[in-house]
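Work out the full structure, taking the sequences as your base and the hints as a guide.
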Amino acid sequence: MTDHEPRDLDALLSTSAPPTSPDGPERVAALEAMARDARPTRRRVRRPLAIGAGALALVLAGGAAAAAAFDWPVPWAVTTYSFTLPSGATCETAVGNLQGPPDAVAAAEEFLTREDLLDVIDLDAALADIEAGPRIHVLADGTEVDAGPGTEYWMGADLAYLLAYARAVGDALGDYLVAQGYDDSGVGLEGVLNCPDRELPDWMDLPGE
Amino acid sequence: MSDVVPALDANAGALLTYLERRVGVDDAPDALAEVMTVVWRRAADLPADATEARMWMFGIAKGVVANAARGKVRRAKLADRLRAVTASSVPASSADRGLEVRDAIERLDPGLAEMVRLVHWDGFSLAEAAALEGIPASTARSRYARAKRELATALGLQAGDRVADRT
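These protein sequence lines map, in sequence, to chains A and B.
69 is the number that this note's numbering gives to position 69 of the first sequence; each next residue is one higher, with no gaps.
45 is the number that this note's numbering gives to position 45 of the second sequence; each next residue is one higher, with no gaps.
The hints are simulated quantities; they were obtained by calculation from the structure and are not laboratory data.
One thing to keep in mind: the hints can contain errors.
[Claimed, not checked] Covered stretches of chain B, as calculated for chain A (at least 3 residues, CB under 8 Å):
hint: 1; stretch: 7–13
hint: 2; stretch: 76–84
hint: 3; stretch: 135–146
[To be verified] Far from chain A, some chain B residues (derived; all Cβ distances over 10 Å):
hint: 4; residue: 47
hint: 5; residue: 56
hint: 6; residue: 60
hint: 7; residue: 62
hint: 8; residue: 65
hint: 9; residue: 101
hint: 10; residue: 107
[Unchecked claim] Computed from the model, here is a short list of chain A residues facing chain B with C-beta under 8 Å:
hint: 11; residue: 9
hint: 12; residue: 16
hint: 13; residue: 17
hint: 14; residue: 20
hint: 15; residue: 22
hint: 16; residue: 23
hint: 17; residue: 28
hint: 18; residue: 34
hint: 19; residue: 39
Beta carbons: idealized from backbone N, C-alpha and C, even for Gly.
Below you can see the structure in the form of structure tokens.
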């Protein structure tokens, strides 16, 4: 160590930081935009469980989109479970971040972690409900057209199955909480779905199905 | 929740710089995207006091850095615009500046090294660095003093510590 200027240790340390991107209007603008874009959309939001609407607020993403959207495994998950889509692709769901009265949250956790969770949900009923619609597709010119089963805009079996799973789990959880004497609308949770072999459309980021 | 935007606006630049120094300029936008996402998700926990809010957000960034070290921070679409601005914005020639000192810091015990980084790179006081590391201020002072002694030896310098100046 012979060529440092200055040779004062404090100064050396303070000037040893790795290079960083220079500040400037473009950097500031990008940061400001990012701060606003990071606001939870339905892709990430933790929201109340709307049992009445048959909704488990799942965040859905597939393939590369899943990798970009969140870490996996999900650190906050209370439980995870896997299932297979009609196409044969496999998905894994993580549910957690429960919010609400502690006793209701504890009851919800108890239900979600039961080993036979997937046996007690009514997937067929949820799927029938999804298919019954109504399903609307909005064309580029704003025209709304039917997107139900059999139309060219129908989501397909895999995606309907995914939505049905979210709805079925949400419905079953709501039923359980009500049966236990809790206000199901007071419990919120967050869920994410990882389907590494199945690309999912952006609109599936919308929970509440 | 509406307080999140001004809090992020006030600290995003410093957070990005902090992250760039720890995970690199290329990966920092993704790490910052993760930080911002967590801040929004935990908006109810955002301290009202600006200084406390800043420390709280740096605490989140610290966790994201730890995840990054485990390969847990992934490319985020949210970071695309920022990445386009910062990518290749650092002249390659500047990467070597301070390299010998950084290597010496890197060889310290991790707890000592981070005290040096927080104080000299990020401009935190020792009290703030202690809070961020979750250690008593006295421990932070002793770690910092020890770090500088070891660095002075490694770099062939006299430490000349004025630790009290940094509390």
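Structure-based check of all given hints:
Figure legend: the stretch 7–13 of chain B, annotated as covered by chain A; annotation consistent (4 residues with Cβ-Cβ distances under 8 Å, at least 3 required). Look at the stretch 76–84 of chain B against chain A: 7 of its residues bring a Cβ nearer than 8 Å to a Cβ of that chain, three or more, so the hint holds. Only residues whose beta carbon comes within less than 8 Å of a beta carbon in chain A count, and the stretch 135–146 of chain B has 0; fewer than three means the coverage is violated. Chain A leaves residue 47 of chain B outside its interface by the beta-carbon criterion, the shortest separation being 17 Å against a cut-off of 10 Å.
No Cβ of chain A comes within 10 Å of the Cβ of residue 56 of chain B; the nearest lies about 15 Å off, and the non-interface call holds. Here residue 60 of chain B stays apart from chain A, with its beta-carbon at least about 12 Å from theirs, past the 10 Å limit. With a minimum CB-CB distance of about 15 Å to chain A, residue 62 of chain B clears the 10 Å threshold, and the non-interface call stands. Its beta-carbon lying about 13 Å from the closest one in chain A, residue 65 of chain B satisfies the requirement of being farther than 10 Å from that chain.
Not every C-beta of chain A lies more than 10 Å from that of residue 101 of chain B, the closest at about 4 Å, which undercuts listing it as non-interface. With a cut of 10 Å on Cβ distances, residue 107 of chain B stays outside the contact zone with chain A, its closest approach being about 13 Å. Satisfaction of the interface hint for residue 9 of chain A is found here, the shortest Cβ-Cβ separation to chain B being roughly 5 Å, below the 8 Å cut-off. A cut of 8 Å between beta carbons decides the hint on residue 16 of chain A: the least distance to chain B is about 3 Å, and the hint holds.
Hint status for residue 17 of chain A: holds, given a least beta-carbon distance of 4 Å to chain B, under 8 Å. Residue-level restraint check for residue 20 of chain A holds (minimum Cβ-Cβ distance to chain B is 4 Å; threshold 8 Å). Nearest Cβ of chain B to the Cβ of residue 22 of chain A: about 6 Å, under the 8 Å cut. The hint holds. For residue 23 of chain A, the shortest C-beta to C-beta distance to chain B is roughly 6 Å, which falls under 8 Å, so the interface hint holds.
With its C-beta approaching chain B no nearer than about 7 Å, residue 28 of chain A sits inside the 8 Å limit, and its interface hint holds. For residue 34 of chain A, the suggested interface contact is upheld, since its CB lies about 5 Å from the closest CB of chain B, less than 8 Å. Using the Cβ-Cβ criterion of 8 Å, the hint placing residue 39 of chain A at the interface with chain B is satisfied: the shortest such distance is roughly 5 Å.
This entry does not satisfy hints 3, 9, going by the numbered hints stated previously.
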